[in-house]
Amino acid sequence: MIERIKVKTAKHTTVINITQRVREIVEASSIENGLCVVYVPHTTAAVFVNEGADPDVVKDILNTLERLVPWENNYAHTEGNAAAHIKSSIIGNSRIIPILENKLMLGRWEAIFLAEFDGPRERELLVSVLRI
Amino acid sequence: MIERIKVKTAKHTTVINITQRVREIVEASSIENGLCVVYVPHTTAAVFVNEGADPDVVKDILNTLERLVPWENNYAHTEGNAAAHIKSSIIGNSRIIPILENKLMLGRWEAIFLAEFDGPRERELLVSVLRI
Amino acid sequence: MIERIKVKTAKHTTVINITQRVREIVEASSIENGLCVVYVPHTTAAVFVNEGADPDVVKDILNTLERLVPWENNYAHTEGNAAAHIKSSIIGNSRIIPILENKLMLGRWEAIFLAEFDGPRERELLVSVLRI
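Protein chains in written order, with this note's numbering: chain A, 1 to 132; chain B, 133 to 264; chain C, 265 to 396.
Derived from the structure by calculation, the hints contain no laboratory data.
Given the structure is predicted, the values throughout are model-derived calculations rather than measurements.
Each hint should be verified, as a subset may be incorrect.
EDC-like, lysine to aspartate or glutamate: derived pairs with alpha carbons at most 16 Å apart [as the list claims (entries may be wrong)]:
1. A:59 <-> B:211
2. B:138 <-> B:156
3. B:140 <-> B:256
4. B:191 <-> C:343
5. C:270 <-> C:386
6. A:103 <-> A:27
7. C:323 <-> A:79
8. A:6 <-> A:101
9. C:275 <-> C:365
The following label-pair restraints were derived from C-beta to C-beta distances [stated by the list, open to error]:
10. A:8 <-> B:208: 33 to 39 Å
11. A:122 <-> B:149: 42 to 48 Å
12. B:206 <-> A:11: 19 to 25 Å
13. C:343 <-> A:11: 41 to 47 Å
14. C:294 <-> B:162: 22 to 28 Å
15. A:3 <-> B:204: 41 to 47 Å
C-beta atoms are modelled at their ideal positions from N, C-alpha and C, and glycine is treated no differently.
Please model the complete structure; the sequences and the hints are all you need to start from.
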């Protein structure tokens with residue numbers, strides 16, 4: 001089963017917690033034991049799993065990426081958003097999460113995030129759920 | 133099939149070679165052609181595949197991560213372990229490895245590692261094996 | 265179904281667009297809805313998905329990795345290629361892409377790339393296609 005999630009990002013760099021929407025897709029699938037793949041088909045975006053309880057964790061992740069990959073740095077790509085492509089490649093454009101008893105096996109503090117590094121944009125994610 | 137691996141990390145930053153334990157789960161599955169997903173549901177941990185022959189490779193990986201993401205750096209997250217969350221997000225919390233003839237298709241020098249960036253901790257991994 | 269792709273890298277650091285070869289494997293599989301996993305079993309190589317239209321994007325990605333992980337930096341690994349192992353671990357050795365109606369669901373600008381950070385080499389990738 002492959003479902004779509006649509007999101008709108010409001011700012012230049014935005015991270016959106018999509019855990020609840022992914023969870024609904026997993027529950028609707030009725031798959032007991034399986035895997036869930038969350039994929040974003042956009043070259044300035046990324047998907048990651050980390051702490052969802054304290055929003056400062058995401059803030060620190062974004063600030064560190066910005067320090068390591070500054071927006072302006074004499075890049076060759078003339079569209080001006082090279083840093084967003086680089087951050088996307090470092091974090092990666094998907095994550096895969098096991099499913100047990102129809103539940104996403106996220107850790108206690110874990111959430112699934114979409115990051116857009118060159119917004120605002122309307123973006124789509126593909127959520128694949130498979131039985132194993 | 134989804135199995136659990138429990139590990140104890142002894143130091144603050146620890147990398148543990150879990151290849152043999154993953155291999156045993158794959159062999160017990162009797163799956164000939166498939167995929168193996170190794171997932172760690174903890175926000176200060178990561179999973180990666182790289183050279184297992186020379187332990188200096190892991191040392192260089194850890195030292196470089198520490199140089200890029202220092203433990204103290206005026207982070208917003210007040211628990212003090214922001215760097216561990218950031219390293220986890222950069223490396224990622226899972227790896228997927230093909231299975232052929234019931235063997236993990238790791239390269240000659242490859243091993244599967246759990247990294248914990250904020251130990252010591254007792255941690256659990258989820259190893260999913262699926263037929264394809 | 266697991267198929268192999270062989271590539272030769274010509275220079276020390278090389279990125280090769282393997283999208284067309286992966287697409288042919290997906291089409292030959294006749295799988296309508298599924299997932300495609302592209303895995304490179306070599307510890308100085310990586311797989312990533314990003315913009316394929318402007319080659320300057322890949323150039324900026326490689327230059328940034330080289331700035332963050334310089335080739336010479338008093339590494340412990342005595343073979344001299346520690347930086348290649350570290351870059352491989354940061355980018356990761358696989359990517360997973362959804363398949364719908366027998367098509368790779370890459371975004372409009374997306375391509376699948378093999379990166380070799382310590383060539384020239386002859387390398388092999390494993391492309392797994394599974395029905396979901």
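Structure-based check of each hint:
1. A:59 <-> B:211: holds (14 Å)
2. B:138 <-> B:156: Holds. Residue 138 of chain B to residue 156 of chain B sits at ~14 Å (cutoff 16 Å).
3. B:140 <-> B:256: Holds, because 9 Å separates the two Cα atoms, which is no more than 16 Å.
4. B:191 <-> C:343: The given pair, whose Cα atoms are some 14 Å apart, holds under the 16 Å limit.
5. C:270 <-> C:386: It holds: about 7 Å lies between the C-alpha atoms, which stays within 16 Å.
6. A:103 <-> A:27: Holds, at about 7 Å.
7. C:323 <-> A:79: Roughly 14 Å between the alpha carbons, so the hint for residue 323 of chain C and residue 79 of chain A holds.
8. A:6 <-> A:101: violated (26 Å)
9. C:275 <-> C:365: Measuring from Cα to Cα gives roughly 37 Å; hence the hint is violated.
10. A:8 <-> B:208: 33 to 39 Å: violated (25 Å)
11. A:122 <-> B:149: 42 to 48 Å: Given about 44 Å between the Cβ atoms, the range holds.
12. B:206 <-> A:11: 19 to 25 Å: The hint (19 to 25 Å, Cβ to Cβ) holds, given that residue 206 of chain B and residue 11 of chain A are roughly 22 Å apart.
13. C:343 <-> A:11: 41 to 47 Å: holds (44 Å)
14. C:294 <-> B:162: 22 to 28 Å: holds (26 Å)
15. A:3 <-> B:204: 41 to 47 Å: holds (42 Å)
When the structure is compared with the earlier hints, violations turn up for hints 8, 9 and 10 and for no others.
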